[in-house]
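Based on the provided sequences and hints, a complete structural model is requested.
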Amino acid sequence: MKKLFIFLTLVFMVVLAGCNNGNASSEGEGGDSADAGASYPEQEINVVVPAGAGGDTDRNTRVTAEYLSEELGQELIVNNITGSGGTVGVDEVNNAEADGYTVLAFHNSMIINDILGLTDVNYENFELVGSIVQDNGNAFIVNADSDIQDIETLIEMAQESPGEIQVATETGAFTHLQLLEFQEETGTEFNVVDVGGAADKTTALLGDQIDIIPTQQGLVQEYIDSGDFRSLGVMSEERLEGAPDTPTFTEQGADIVYDKFFFWAFPEGTPQEVVDKFTGALESVANNEEFQNEMSEFLVDVSYMNPEETQQLFEDRTEKYSEIYEQTQQ
Amino acid sequence: MNLFIEGFALIFNFNTILIILAGVALGLVFGSIPGLTATMAVAICLPISFGMDAANGMALLMGLYIGGVSGGMIPAILLNLPGTPSSISTTFDGYPMAQKGLAGRAFGLSIISSFFGGLISIIILMLLSPPLAQVALEFGPFEYFAITMFALTLISSLSEGSLVKGLIAALIGLTLSFVGAAPIDSYPRWTFGVDSLRAGFQLLPVLIGLFAISEMLKVIEDRKPDIAKTKDGNSEETKVGFPLGAVFRKPVNFIRSTLMGVGIGILPGIGGGTANIIAYVTAKRQSKTPEKFGEGIDDGVIASESANNSAVGGALVPLISLGIPGDTVTAMLLGGLMIHGLQAGPLLFENNGPLVYSIFVSLLIANVFMAVLLLSGMKGFVKLLSIPKHYLYPVIIALCVVGSFGVNNRIFDAGALIFFGILGYLMIKGKFPLTPLILGFILGPIAEVNLRRGLQMSSGDFMPFLTQPIAAVFWIIAIGSIAFSLYKEFKKTRSS
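Residue numbers (my numbering), protein chains in the order written: chain A, 1 to 330; chain B, 1001 to 1496.
Keep in mind that a hint or two might mislead.
Said to hold, decoys possible - Take a look, some chain A residues computed to stay more than 12 Å from chain B by CB distance:
hint: 1; residue: A38
hint: 2; residue: R59
hint: 3; residue: V63
hint: 4; residue: Q134
hint: 5; residue: E156
hint: 6; residue: E185
hint: 7; residue: A243
hint: 8; residue: P247
hint: 9; residue: D276
hint: 10; residue: G280
hint: 11; residue: Q311
hint: 12; residue: Q312
hint: 13; residue: L313
Unchecked claim - Okay, the calculated beta carbon distance ranges per label pair:
hint: 14; chain 1: A; residue 1: G242; chain 2: B; residue 2: N1409; range: 34 to 42 Å
hint: 15; chain 1: B; residue 1: G1353; chain 2: A; residue 2: G242; range: 23 to 31 Å
hint: 16; chain 1: B; residue 1: L1003; chain 2: A; residue 2: S296; range: 26 to 34 Å
hint: 17; chain 1: B; residue 1: N1409; chain 2: A; residue 2: D276; range: 24 to 32 Å
hint: 18; chain 1: A; residue 1: D147; chain 2: B; residue 2: G1460; range: 23 to 31 Å
Stated by the list, open to error - Chain B is faced by these chain A residues, among others (derived, beta-carbon under 7 Å):
hint: 19; residue: R62
hint: 20; residue: T87
hint: 21; residue: V88
hint: 22; residue: V193
hint: 23; residue: Q209
hint: 24; residue: E222
hint: 25; residue: I224
Please keep in mind that the hints were generated in silico from the structure rather than gathered at the bench.
Everything numeric in this text was worked out from a predicted model, so none of it was measured.
For each residue, glycine too, the CB sits at the ideal point set by N, CA and C.
Okay, here's the thing in structure tokens:
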């Protein structure tokens, strides 16, 4: 009996000690906001990426995080919290303490999740920090030996046999909307299949389980170079600087333009000083030539957008995507 | 061969070797503490590796990976606590062996199986990566669904005593895996409006709650004098065993388990957590003395430990040749490669040949360090048993809570740990086997998401699930597996 007592006492002590520590540190972080700004960051910062490892969101965030940690003088720890088009990770940050030690790094899929009704959390629930990486290389990728030669033949084939061509997406993700618009715009119908995130899509195409994957061209450039994959085109206004041989969708008669922007955001209520400090660090990274060179290999653009510009972009895109979505639902 | 030498040159300096040694040692510590895993060890050290050059950084991560997967054997054998999913079935025979005073032998068997299992899988990785990765690509939703169905049929062999109770446990596990946002359309299920439930239950709290917390509750209740104490001074227990003969006298079990580990490791998403269970069940079924499994038979330990270490080499196959991560650790390794400016994929060998081979060499060296550290530490581990349990267990429980919290930094997960501890305890009391529950919990989401993806691909047609060649093979194995257990049951009832 005595041993049991000692055992239970020890358990309680340890658990209580753990709880106390937890409370003490969280009070210390969020308690005095004026202080928080001046000394921020005092500990490592948790970065939540609501997408899988090995995708473009993950890659862009990890590289940016490394430069940011130099600017901020603290480690940034990247966590992949995946699930349902990113809503699980977004929720995680939305519910996190607004102390500047949890930050969201994501892209415009957040808007689409909202429009598709997967979540009611949108950009207005966050303190936007800014955007420094934009990707205009939204492409349709096929296997090198595919019968589909270009966007024109794709449209023809899809019109001849509706619902036959299998196109990958992740439900509620950015590519989902692109596909809805493409079908609407060109009068075609695909068999749209959820195969998972960016890395899963590449796997499915390599394994010939799917006909087309919509993905970022920079993400699969290596497979294009190695002769495994071909790009049918990119959904940008002009051809990409890094891939001048790939035509745009518009050139091929499908007037579809998408840009993907990667943003950083804190939970609502994060002290302004903290947000400003992080924004400043982002701007310095955007101006870092080494960073620009590193990112150009991924076929993405680096340009700094401050919180207001990012907010404006969110508003514009929300309007555009809502319109597209409503049209496709009619 | 040239590349191998170049890779070797990158690694073979005092600094790098020391980094690998440190990685293995730290990995072993993380692996051996229930609640801390190889994944966490890699997560914590990932930023450190960024500061090193690519070869050193990857060497550190490989050391952590090998150490983290291997360390789980220590609490599994000594305390019946699986520290990581990879060592669940090591407890089945390792712990009974230690109870008989043969902890030294259990360690010896585990270390030898881990070392050679790991070695073979690394050699396979070096020689056969590209063709094996092509095989992995053949597995789509139809094939994955068939495999999970096959793996679920193993439940019958994991349910000692009552098949019905085993099935009930498995169904509880499947149901628990459905809690949270559904795959694909993220419709919330079983959440009862509770926000924390939307992300579902994490594997770690479920696993250590069910196995570790419940075990400790059981020990409290026993209030027997400490087993280890009564055995103090028993020379058998601390004797450093090196039972090479026991592993290789019957090589079929070892080789089969190793190859299964590699095979299951290669398939992204299934991984080491299931490899050890599947290898264990197969060993039991193929054995001439299946009734001795669970009582401390050599073959059980060998099967589990060779399979979990060989899954490491397997998991690296799709990572290195395709850039596809197979489990949470390899997902982070992929991040590590990217930060060093290396794009894992078809051109990695071409563009960075020496570096790829330096990873292989690191793995080989880490594997040796793992065996050496464990062998030399063995006496010390056994001494752990002489710490009275009322001092040891509170520390372990605290670490379990910390570990569960650390999965997603949510206190909810720590609460879930306690919940599953109580559930596990009640199940033990009711004589329900725990392993079917965890198997159901791991396999449920894989089965569900692949069923739904497959149905999308086939536009709602169920036939491809049966008619795709690889899937069909697994269905046949699954049916054979059920027939086998029915036959066993039939024989048992007739003889009794």
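**Enumerated hints in conflict with the structure, sorted upward** = Hints 2, 3, 25 are the ones this structure does not satisfy, whereas the remaining hints hold.
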